[in-house]
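Undergrad: These are the residues of each chain, in order.
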Amino acid sequence: AQSVTQLDSHVSVSEGTPVLLRCNYSSSYSPSLFWYVQHPNKGLQLLLKYTSAATLVKGINGFEAEFKKSETSFHLTKPSAHMSDAAEYFCVVSDRGSSNTGKLIFGQGTTLQVKP
Amino acid sequence: ETGVTQSPTHLIKTRGQQVTLRCSSQSGHNTVSWYQQALGQGPQFIFQYYREEENGRGNFPPRFSGLQFPNYSSELNVNALELDDSALYLCASSLVADSYNEQFFGPGTRLTVL
Chain A
1 AQSVTQLDSH VSVSEGTPVL LRCNYSSSYS PSLFWYVQHP NKGLQLLLKY TSAATLVKGI
61 NGFEAEFKKS ETSFHLTKPS AHMSDAAEYF CVVSDRGSSN TGKLIFGQGT TLQVKP
Chain B
1001 ETGVTQSPTH LIKTRGQQVT LRCSSQSGHN TVSWYQQALG QGPQFIFQYY REEENGRGNF
1061 PPRFSGLQFP NYSSELNVNA LELDDSALYL CASSLVADSY NEQFFGPGTR LTVL
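Same order as they appear, the protein sequences are chains A and B.
If you count by this note's numbering, then the first sequence holds residues 1 to 116, one letter each, in order.
If you count by this note's numbering, then the second sequence holds residues 1001 to 1114, one letter each, in order.
Quick caveat, the hints were computed from the structure, so don't treat them as lab data.
There is no bait here: all hints are sound.
Only some residues are given here: those of chain A computed to face chain B with a beta carbon under 10 Å:
| # | residue |
| --- | --- |
| 1 | Gln-38 |
| 2 | Leu-44 |
| 3 | Gln-45 |
| 4 | Lys-49 |
| 5 | Ile-105 |
| 6 | Gln-108 |
| 7 | Gly-109 |
Virtual Cβ for every residue (Gly too), placed ideally from N, Cα, C.
Looking at chain B on its own, in the form it has when it is part of the complex (with noise of 0.2 Å):
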């Protein structure tokens, strides 16, 4: 059984630019969360994706939008990336989209924006 995987590992852009990182869940998991975590701070919500619909947002800007595919990998995109979007961002998989079910976490992308 294959974890949660994401890719890049590291991502170094400009303010301004956009970017996409993408996230591979683990095999049965129809759900995907994101999650930002900038440097010592505990981890953000996003959003979350069930079956390819958007299933909750956090309190980020429009310019965070995300895909889930048929298979369950998904994508975070960033336009327009301001200083603060530096982080590291986190991609979880779960069985389903509740309260119960443990999320699994892959290792993360740290962005550097400069």
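The shape of chain A in the complex, shown without the other chains (with noise of 0.2 Å):
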């Protein structure tokens, strides 16, 4: 069975400092991993998705994650916050079992606040 565990349920940092949200994975299967934002009163929006082609993964907004297999993780990071980053943010893995419908299997969600 796959899951995910978000390491931090609240994460702060100041505007121009780095950004650090973790996500550590489990698989039977090589994963499909994503993160997800979501911004009070929207819908989820892709951040950055990993499909088994570069562990180092650019994404929308800055953002970029890296897959390490030997730490099962899928770390977010971003050099430098912007005011307009603060939202909720889901780290996420597809299914890949013997369905394969690719259902997303959601983390607890990591709240980022960013201070001016």
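Put the two chains together into one complex, using the hints given.
TA: The following block contains the structure:
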């Protein structure tokens, strides 16, 4: 069975400083991993995805994530936080079991606060 | 190209009632998945429809049911509403039903059960 664990429920950074949101995954298969962002009262937006190509994945708005199989991690980073980055972030693994529906399994979410 | 749309935006029902939520998939997408997001939680997979057939189901009781129409739009029906059904219901569409394709989410329907 696949699962994801987001290690921090809340992260607070100052504007202009680096962002690190941590995620560990568990999967019996070679996983597809995603990071989604959810702004208040808005739908989920895909930031980036890993599907067994390059281990360093670049996404939108300056975010990137590195797939580390040995550590079963997929941490999200950004060199410099903007106020507009304040939102809820979800680490997600996609089902690759026998059904292969591609159903998404979400972590509990990390709230990113950006202080001026 | 139109994105995923959902209706209604908000809904208030009382315990025991039935509700139908609607989703229009993105143009060209034949797969629709439904998720329930309780307050402060990550979304949980309810079920998926692929070419009008159910193609996988999460850990939800049978009172949660769905349909997909020939134009690939979809409905989520919930019978005998319970207080714990209060949540944001998200619909997502994708090109095909597999783990490689991005799922595009709608804005959701906020259901409140009193």
